[in-house]
Amino acid sequence: NDVMPLVEMADVLGWDTTVIDGRANYATKDRFVKACDVMVAKPQQVLGNIVYDRYTFFALMTHNYNYDKAMLYELCTHHVRYIAMLGPKEKMERMISEFEDENRPLTTEQISCIYSPAGLDIGAETSEEIALAILAEMKTFMSNRQGNHLRYRLDGIHA
Numbered sequence: 008n009d010v011m012p013l014v015e016m017a018d019v020l021g022w023d024t025t026v027i028d029g030r031a032n033y034a035t036k037d038r039f040v041k042a043c044d045v046m047v048a049k050p051q052q053v054l055g056n057i058v059y060d061r062y063t064f065f066a067l068m069t070h071n072y073n074y075d076k077a078m079l080y081e082l083c084t085h086h087v088r089y090i091a092m093l094g095p096k097e098k099m100e101r102m103i104s105e106f107e108d109e110n111r112p113l114t115t116e117q118i119s120c121i122y123s124p125a126g127l128d129i130g131a132e133t134s135e136e137i138a139l140a141i142l143a144e145m146k147t148f149m150s151n152r153q154g155n156h157l158r159y160r161l162d163g164i165h166a
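All residue numbers in the sequence shown are consecutive under this note's numbering, ending with 166.
Take the hints with a grain of salt, since some may be wrong.
[What the hints assert, rightly or not] Below 16 angstroms or equal to it, Euclidean Cα-Cα: the simulated EDC-like pairs (lysine to aspartate or glutamate) are:
1. 98 to 135
2. 41 to 15
3. 76 to 37
4. 49 to 81
5. 76 to 128
6. 41 to 75
7. 146 to 37
8. 96 to 81
9. 41 to 9
In case anyone wonders, no lab produced these hints; they're calculated from the structure.
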C-alpha cells in the first residue's frame with residue numbers, strides 16, 4: 008500500500024497525518040498506526056469532519072478512480088492549496104475533462120493546486136520512494152522552494 012510509507016515517513020518528520028478512505032476495511036488504525044487519525048468518509052463528508060488550514064496538504068492515493076475524482080472536486084472547490092494525486096497526468100486530465108462534461112468545470116486557479124503526477128522527479132519506483140518523492144514535494148511547496156540541488160544554490164542553504 009502506497010499510503011503506509013507516506014504516513015510513516017510523515018510521522019518521522021513530525022507531521023500530523025489523517026488517513027481517510029471510503030472503505031472501512033482499508034481505513035483502520037491497525038493498518039495506519041502512525042496516523043494521528045483514521046476516518047471512513049465519503050468525499051462530500053471529509054472537509055466537514057477535519058480541521059484544515061493553509062498548511063494542510065492532501066494526497067489522493069486510494070487507487071479508486073471515482074473516490075479520488077469526487078475527493079478532488081471537493082478539495083478544489085474548497086480552496087485547498089496543495090493536492091498531490093497519485094498516478095499519471097492523464098488521469099488528472101481525464102477528471103478535469105469529466106468535470107467540464109458534467110457542467111462543473113474547475114478554474115485555472117483550482118487546477119493549479121493539483122500536483123499530478125505527485126512528487127519530485129527522483130526516479131521513485133517503490134512505495135517508499137514514492138512516499139519520499141511526495142513528501143519532498145510537499146516540503147518544497149511549504150518552504151516556497153524549487154527542490155533543486157543545494158550545490159547550485161548561490162546564497163546560504165537556510166536563507
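Verification of the hints:
1. In summary, the hint linking residue 98 to residue 135 is not supported, as the alpha carbons are separated by about 22 angstroms, beyond the 16 angstroms threshold.
2. For the hint linking residue 41 to residue 15, the alpha-carbon distance of about 6 angstroms falls within 16 angstroms, and the restraint holds.
3. At most 16 angstroms may separate the alpha-carbon atoms for a hinted pair to count; residue 76 and residue 37 exceed this at roughly 26 angstroms.
4. As the CA atoms of residue 49 and residue 81 are separated by approximately 11 angstroms, the hinted pair is consistent with the 16 angstroms bound.
5. Between residue 76 and residue 128 the CA atoms are separated by roughly 24 angstroms; this puts the pair beyond 16 angstroms, and the hint is violated.
6. Taken as a hint, the residue 41 and residue 75 pair is broken in the structure, with Cα atoms around 23 angstroms apart against an allowance of 16 angstroms.
7. Our distance criterion of 16 angstroms between C-alpha atoms is broken by residue 146 and residue 37, whose separation comes to about 27 angstroms.
8. Restraint check for residue 96 and residue 81: not satisfied, since their Cα atoms lie roughly 19 angstroms apart, outside the 16 angstroms limit.
9. At roughly 14 angstroms between alpha-carbon atoms, residue 41 and residue 9 fall within 16 angstroms of each other, so this suggested pair holds.
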